[in-house]
Amino acid sequence: MNTDVALILLQDGLVNGAIYTLLATALVLVFSVTRVIFVPQGDLVAFTALTLSAFEAGQRPGTVWIVAFAAAGALSLEMIEAARQRDRARAVRSVLRFGVIPAVVILALFLVPKSAPLFWKMAVSAALITCLGALIYRIVFQPMAAASPLVLLIAAIATHLGLNSIGLHVFGPEGVRTEGFSGSPLALFGMIVTSQAAGVLASSVVVVAALYIFFRFSLRGRALLAAAHNRRGAEIVGISTVAAGRTVFVLAGLAAAVSGLLVGPTTTLYYDSGFILGLKGFVGAIVGGMAVFPLAAAGALLVGTVEAFASFWASAYRDVIVFLLIIPVLFWRSVSTLAPEDGLE
Amino acid sequence: MTRALVRFAPSIALALAALSPLVLPTYQVAVVTYVMIAAVACLGLVLMTGIAGMVSFGHAAFVGLGAYVSGYLSSQLGWPAWIGLACAVIAAALAAGLIGAITVRMSGHYLALATLCFGISFYFLVGNSEMLGRFNGLTGIAPVSVAGFELRSERQTYYLVLVMLVLVIAWCRQLLSSRTGRVLRSLRSGPVIAETFGANAHHYRLMAFVLAAVIGAVAGWLYAHVQRFLSPTPFGLTASIDYLFMTVIGGSGQIWGALLGAGLVTIIKHELQDVLKFVFGPTTRLELLVFAAIMIVVLQKARRGLWPFLEQRFATAIAPVAGIEPAILPRRRAKPAHGLTVLSASRLRRSFGGLLAVDGISFDVKGGEILGILGPNGAGKSTLFNLISGALSRSKGELSFLGSPSSKASARDMCRRGLSRTFQHAALVQDMTVLENVAIGATHLGRCGLFASSLRLDRVEERQLLGWSMHLLDRVGLADKAFELAGNLSLGHQRLVEIARALAADPVLLLLDEPAAGLRTNEKAVLADLLAELRAEGLAIVLVEHDMDFVFSLADRLMVMNFGRRIAVGRPEEVRADTGVQEAYLGVAA
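Heads up: the sequence lines are chains A and B, in that order.
Numbering of the first sequence is given in the numbering used here, commencing with residue 1 and proceeding in unit increments.
Numbering of the second sequence is given in the numbering used here, commencing with residue 1 and proceeding in unit increments.
The set of hints was computed from the structure by calculation and includes no laboratory data.
Owing to the predicted nature of the structure, the values given are computational and were not obtained by experimental measurement.
Don't take every hint at face value.
[Claimed, not checked] Heads up, simulated SDA-like pairs for lysine to any residue below, C-alpha to C-alpha not over 20 Å straight-line:
{"id": "1", "chain 1": "B", "residue 1": "K301", "chain 2": "A", "residue 2": "S148"}
{"id": "2", "chain 1": "B", "residue 1": "K408", "chain 2": "B", "residue 2": "F352"}
{"id": "3", "chain 1": "B", "residue 1": "K301", "chain 2": "A", "residue 2": "G73"}
{"id": "4", "chain 1": "B", "residue 1": "K301", "chain 2": "A", "residue 2": "A126"}
{"id": "5", "chain 1": "B", "residue 1": "K269", "chain 2": "A", "residue 2": "A146"}
{"id": "6", "chain 1": "B", "residue 1": "K301", "chain 2": "A", "residue 2": "Q85"}
{"id": "7", "chain 1": "B", "residue 1": "K408", "chain 2": "B", "residue 2": "N200"}
{"id": "8", "chain 1": "B", "residue 1": "K301", "chain 2": "A", "residue 2": "P173"}
{"id": "9", "chain 1": "B", "residue 1": "K277", "chain 2": "A", "residue 2": "P173"}
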């Protein structure tokens, strides 16, 4: 291997790593606030690309129906609970809150013509996926918020399985590749950087920086951090952990959507491609011990780079290498963080 | 009626299973065969996940390993299937031993994720291996032959699988009711119980991991020689998730849960698939959505699975009949002479970050003496207990037990040397009987391990250990509750069970952490009598207790702690008169 090849691989790795960084950041966020290892995030990434691709082809994406059904389910759960508590205010509040979702659905159904600009299609796709993130929280995780991380992990895997099966049903088995950032390649330090690569890196940096600012400087963000540090304590000082969970799932949905928009043009995505993508983001998150954002980002970049080089040397074993790489990291993390023992009950 | 029905249920089920191929159509026979193979695989998961508390998302990899080892030997080298079985089991045990050596040290979700990683890796490794036929698969696997007769048809393989299933169930039941099994069953609530009573929790976790892999490999072997064609797909992540779901839905804590789960999941899936394919076209996999939904509801509403629901209805009917005679162990540890120093601690210190929980405590306990430790909440009493019993390592200080120094903290080691304890928050295995819980205390007194109990060579020892446990339950006054589940006892009675369990280890020093909390007045009197008796037998007892009357009437000497320091030590009346104690503890006005 000469330097040129190495540089190309490195660039490839960094671009993939930037996407994994986004995923890893969102995973750390969700885990630290709700203790859910959000495996289905990867599925949301694939769904975003599939949604955008349907818009590009001038069709109505199946995502609309997924969101509509999930919203109906979540709303009925919410109504049953409100009725049981005889809490009329809550019923009104949830109707209002869920009112956002039909609006997005109608938007997606009627206001995205084939001729619409790419940006508009991207925005509507992202909005749909973000709604889905919030709905998953309401239906699956909110009712079991107090369970152990292990039980939540099993639930997350079940959710992944469910999304996978809906994905095949709604999108079919064909793969898609979406339009990317157009523009001529740039020359940077003697390397040729495609505009796609530059776009991915820039977007990833912007989103991660925005998240950082949100958590560091806004009251809502700080309340989330408080809920992450100590659930009981946060509840005592009046921070709703349910609202905190909802917020992070919305953010995670958004991060997944952005990743999907970024990764769509570089790789052919199928309904089931998301899982492996999500896992790679997850390896990065694990390097950061599911808690430290900069370490998680570094881990994600490392995963991207290892993957790029592994696919050069032994392309068939690319994924095996990445996943076997996790085990020592998991071991180191498990031994150094002293997580509490938790059984199934 | 129900009692008889429940008692003979296994035999009835077996008879039905044996006769059903004679009446069922071939297709159904094949379906049931696959249900039974899945049930074998799930039994492995019951051991690992339900019993030992380690969740695996990579179980199908071990099933696949067993299948591919035997499949390869059969199709490429022409080896007979039975030798393939031996090789499959050995390969799985070796692989699990290696992987487990790293992974079982991890806890909770870390371990689950590690299993997920090797599960996925196995799929890709096999799929890319030329030798194993890549994703196209491996063909030409010979059927199993018994005494020269080849089992080829659906009905013949059905009986092969049924026999193996029954053997594996019998073996699991045998194992779980043995000394080894009791320790395994304690692991789900953490390593503390095992370590406190002299068992190496890590060793047992590894054992559960390897056993799960071996049972999985047996299931894989069956699959390979029934299907006689292998591809990587049935051993991928989806299959691992399926096995886990079957186990959790059925009830991961019980052997019968695996059968129930495997049966329900496979059969409903089959039927559902047919209906959904008819409605939505041949490529649909919406049945997975239904399963995901069922799984999520089970996790939200009934985390213990469906079997406990069934069991609850018959719970009274299946209470085992008593057949265990109280007995005293034939060889017991010699009690120290009265007045001999059993434990001496000097300048013990332990800090947690900036907090000095125990600060330079020195004391000793003699044989035939009860030392009471008093102190307000947060005085460092429980930390002191943990330092003495080896559950925590000390930052500084010396500790010697029966004259020999104990340099490194190890609860396991201290138990074997004759120290035994109870916990402030009763730590019993809730879904084991009271008698079995007590028998965990006697773990280090037994010798029979995995192999002896698999072959039922442990009967004499079991009778001794259980008899000894019965004797101790009798002493604490709970013999009539021996066969109830520990979780059904009142908190006060759970503490008494803990005392019986601690005594089962045949200690010379007993540490009791608030034994009288939650007891009624007459029960306290019984407990005080018991402790006085034990003292007369020569046991050294250290007692932490908030009930003043109880401590002052019972203890020979008292030590008072506050903020991690010793503020007084002496005979009860001296301590009562001590002004420092009155100020710090009983209040200035006292």
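Go through the numbered hints given earlier and state which of them the structure violates, listing their numbers in rising order. 4, 5 and 8
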